[in-house]
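K.L.:
Based on these hints, arrange chains V and H on the given structure of chain Z.
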Amino acid sequence: MSPSPASSPAYNTPNYLNAEKGVWSWLSTLDHKRIGVMYLALTLTGFFLGGVFALLLRIELLSPGPTVMDAMTYNRMFTLHGVIMIFLFMIPAIPGIFGNFFIPLMIGAQDVAFPRINLLSVYLYLLGAAIAVWGMIQGGTDTGWTFYTPYSTTTVTTVAPVLLGAFILGMGSIVTGLNFIVTVHTMRAPGVTWMRLPLFVWAMYATSVIQVLATPVLGMTLLLVAFEKVFGFGIFDPARGGDPILFQHLFWFYSHPAVYIMVLPAMGVVSELVQSAARKNMFGYKAVAFSSLGIAFVGFFVWGHHLFTSGQSTFASGVFGVLSMFVGLFTAIKVFNWTATLYKGAIQVSAYFIYFMGFLYFLVFGGLTGIALSTVSLDVHWQDTYFVVAHFHFIMVGGTIMAFLGGLHYWWPKMFGKTYSERWALAAAVLVIIGFNATFIPQFLLGNMGMPRRYYSYPEQFQALNVASTAGASLLAFGFFIILFYLVASLARGKASGPNPYFSRGYEWNTPSPPNLANFPETPVYDRGPHEYQDGPPAEAKHAH
Amino acid sequence: MTATTHSEGKHLGPAQYVMVWAALMVLTGVTLAVWKTDMSYAARVVVALAIATVKATLVAVFFMHLWEEQGIARLVLVVSAVMVALLIGLTLVDNATRFPFANPPYSGSWAGEPYQQAAPPMQAEPPPVRSSPASNVEHPAAHKP
Amino acid sequence: MRTDAATAPSRLAHHFPDMKTQEHAARMGMWLFLSTEILLFAVLFAAYAVYRYLFPIGFEEASKLAHVTMGATNTVVLITSSLTVALAIHYARQGENRKVVGLLGVTILFGAVFMVLKGYEYYHHWLDGQLPGRLYHYAGLKGPGVSMYFTVYFLMTGLHGLHVLIGMSVLGWVAWRAGRGEFGPGYSTPVELSGLYWHLVDLIWIFLFPLLYLV
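Order-wise, the sequence lines are chains Z, V and H.
For the first sequence, this note's numbering assigns the number 1 to the initial residue and increments by one for each residue that follows.
For the second sequence, this note's numbering assigns the number 546 to the initial residue and increments by one for each residue that follows.
For the third sequence, this note's numbering assigns the number 691 to the initial residue and increments by one for each residue that follows.
Calculated directly from the structure, the hints in this document are not laboratory data.
Just so you know, not all the hints are guaranteed correct.
[Stated by the list, open to error] Here are the simulated lysine-lysine pairs, DSSO-like style, with alpha carbons at most 27 Å apart:
no., chain 1, residue 1, chain 2, residue 2
1, Z, K280, Z, K344
2, H, K710, H, K808
3, Z, K286, Z, K344
4, Z, K21, Z, K495
5, V, K581, H, K808
6, Z, K229, H, K808
7, V, K581, H, K754
8, H, K754, H, K808
If we strip away everything but chain Z, and leave its shape as in the complex, we get (with noise of 0.2 Å):
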């Protein structure tokens, strides 16, 4: 891929990027690693590509009515927006890269379980990808990502080519869970017991089982809805006796365990970045693993909270909302113990550790929002305003996309071997986080005073808040292009990093950076757990100037 400067005796050549050539070695690898990559270019790919939906979204909401599109381009652009998110980015982005990447080498294994199944989910997510985005060419839908019946059994616009895709991504996420499961039950070195498996590996195996059990339901129910499309079957239809809030039921069965499949792995990650970062290990180790395994499965039990104003009963509204609270208390748990980590720690600034702060910054209130929306008497306010958007993205973008970016920062030497410019880093992070700020409280503030969401225009009275969001939402968008300039400038001149430049006590620091094809020689046996700071710093850190 990249030459290796012949000057940087650090930098670990061959390794599995360069040790076999040719675009087919990689289009049929099974190398977890180089799978791990190629997840990282095609979930950027969508990122960037809901990205540029996101900010058409926002122009749009620049002034009240049409801007530069009509209500119905704009309810297309919505969809696009959520379906390319959630579906291309958010559920396979950390699982895909950085738990194909990492899991292995977190355990001790040379590979994961099935590794020509993981390719297989690299061509599920390539095809399902092409196919939606194939609907998108033909014109798209104007359903929103939720699909709710019976407008999506109904209406003219191509829902067919985005469910179905949809459905075949389902397909690689299922496959990708199942993986994990297994790798992280048969594969562990020599010394790895559960109790010393890294908090990542914990967070994605909880994540997992998320993803086998949940994401079937959505599967069926998209397949139900175009059914109905098709053949008239009724299944949702008030007509012949069906029940739209069925259709809700169902989805949502999945789709709120679905935020956790794009949180759990975001906490995971943040787990590692928050050891090495205040030199210290996780304060209350097994506080922390079992909680992921808490929000697992309370998370099953909630999706009713998104059918408060839907019809359902108030029974059912006031259980769902009792419940709803409970996934609160798995947070909060995680959210003292990484705070308690860095007490006494020996902090060392860097940008995966703003990103780390922002994290926290953004996980808390965005949650505590999310407790707030889960009382009935105040969602009855609350649902389908922007109050309910700025929530999920403070979640999903201030929670996810930080951690996301805090890895990236976090294991690129690792990836890649090289190093990219901390000052341009801590720069980018810094602007990002206020640009998502100066995005999204507005966005509360719009909520709370009853501006609708998936609405293309606004009273008057809206139009300042609309345009601060606007604005923060491009000084958001100028923080990730930056990010993305200097990551690619690393890979063509940044230098070594050696293998381990952030001194890191994790297990997969124990390879070089890159690590080889073969991850290890031979099996390695572990007598310590990861991040075992009290030990000192690892072996190289004594050695640095």
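P.N.:
Frame of chain Z; chains V and H shown alone:
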């Protein structure tokens, strides 16, 4: 000298499989017998589900080797069953406790007290041409075979 | 035609430490896949449960139109095919590949019988106009929930029938491999995994039959 992960000496033989099969046949017969009795509607559903669960357990434990398999397979099956029960259970709770007219038209809860709007009558036979059925029922063609 | 274990190609993949772990992983992977199939059908069971709750009389009357004899025969057929598959796994573990081929062949035959009977049922429902949703035009029974019963019936049995066909194909491929003498005490995983799939197909029918035909 088997290289499988099953515990040694716990393998079932063909005779045991045939016995399980026989039990399943008996249970199928019981299901059909129950169907012919005069039990109430709700009781029939409960009994049918109970017998089906027993049969499913037999298939899972013996034919699918959960009897000898390590714990993770049992956990996977049990957790899946819990999720299915959760999906069906909580959705039914919603439909069961809704304001009646929020349920689909002419569904069971519509006909409850105090709303006395009965569903249009169930027609198992084509009505004779001379009678005048309720206005919301279609007239089948008179020459229907 | 038995393949000698000593000269057989090593089936151990490079990333597994030993065959025991590899087979354990394969079995675990299959069970996880089965759980996704269970959740897939769960959607239809949920729809069934909701609409049966909402339209008790409509469903009860409509289920009288189902062909119970066919359904009961199919139940017997599928359970027996589960037996033959379980026996096939037993003999595969002992390396008796001839018996495996025979038993899998019988299983596939039973699967075909199932599909034929199902096809017969579908054909008669079609003749009578007892079709899903807007296609329903059977004059002998009208009322709320009746067409919904048939929608749910066709979706559930249709998806199940698709899985029977997939199972038959997979078993056919495994039978072909058994015909080449590939299975023995050290290696019978494909038979076990495909057997697990077939048993799941049977499991689902065990619930489908009473709920759709009898209640």
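K.L.:
If a hint holds in the structure, say so; if it doesn't, say that too.
P.N.:
Outcome of the hint check:
For the given pair, K280 (chain Z) sits about 8 Å from K344 (chain Z) by alpha-carbon distance, which is consistent with the 27 Å threshold. For a cut-off of 27 Å, the pair hint linking K710 (chain H) to K808 (chain H) is broken: about 41 Å separates their Cα positions. Proposed proximity of K286 (chain Z) and K344 (chain Z) is supported: the alpha carbons are some 20 Å apart, at most 27 Å. The suggested pairing of K21 (chain Z) with K495 (chain Z) holds, with an alpha-carbon distance near 23 Å, which does not exceed 27 Å.
Between K581 (chain V) and K808 (chain H), the direct Cα distance comes to roughly 23 Å. Compliance with the 27 Å bound is thereby established for this hinted pair. Note on K229 (chain Z) and K808 (chain H): the hinted pairing holds, with a Cα-Cα distance of about 25 Å set against a maximum of 27 Å. For the given pair, K581 (chain V) sits about 12 Å from K754 (chain H) by alpha-carbon distance, which is consistent with the 27 Å threshold. Restraint check: the Cα-Cα separation between K754 (chain H) and K808 (chain H) comes to about 17 Å, which is no more than 27 Å; the hinted pair holds.
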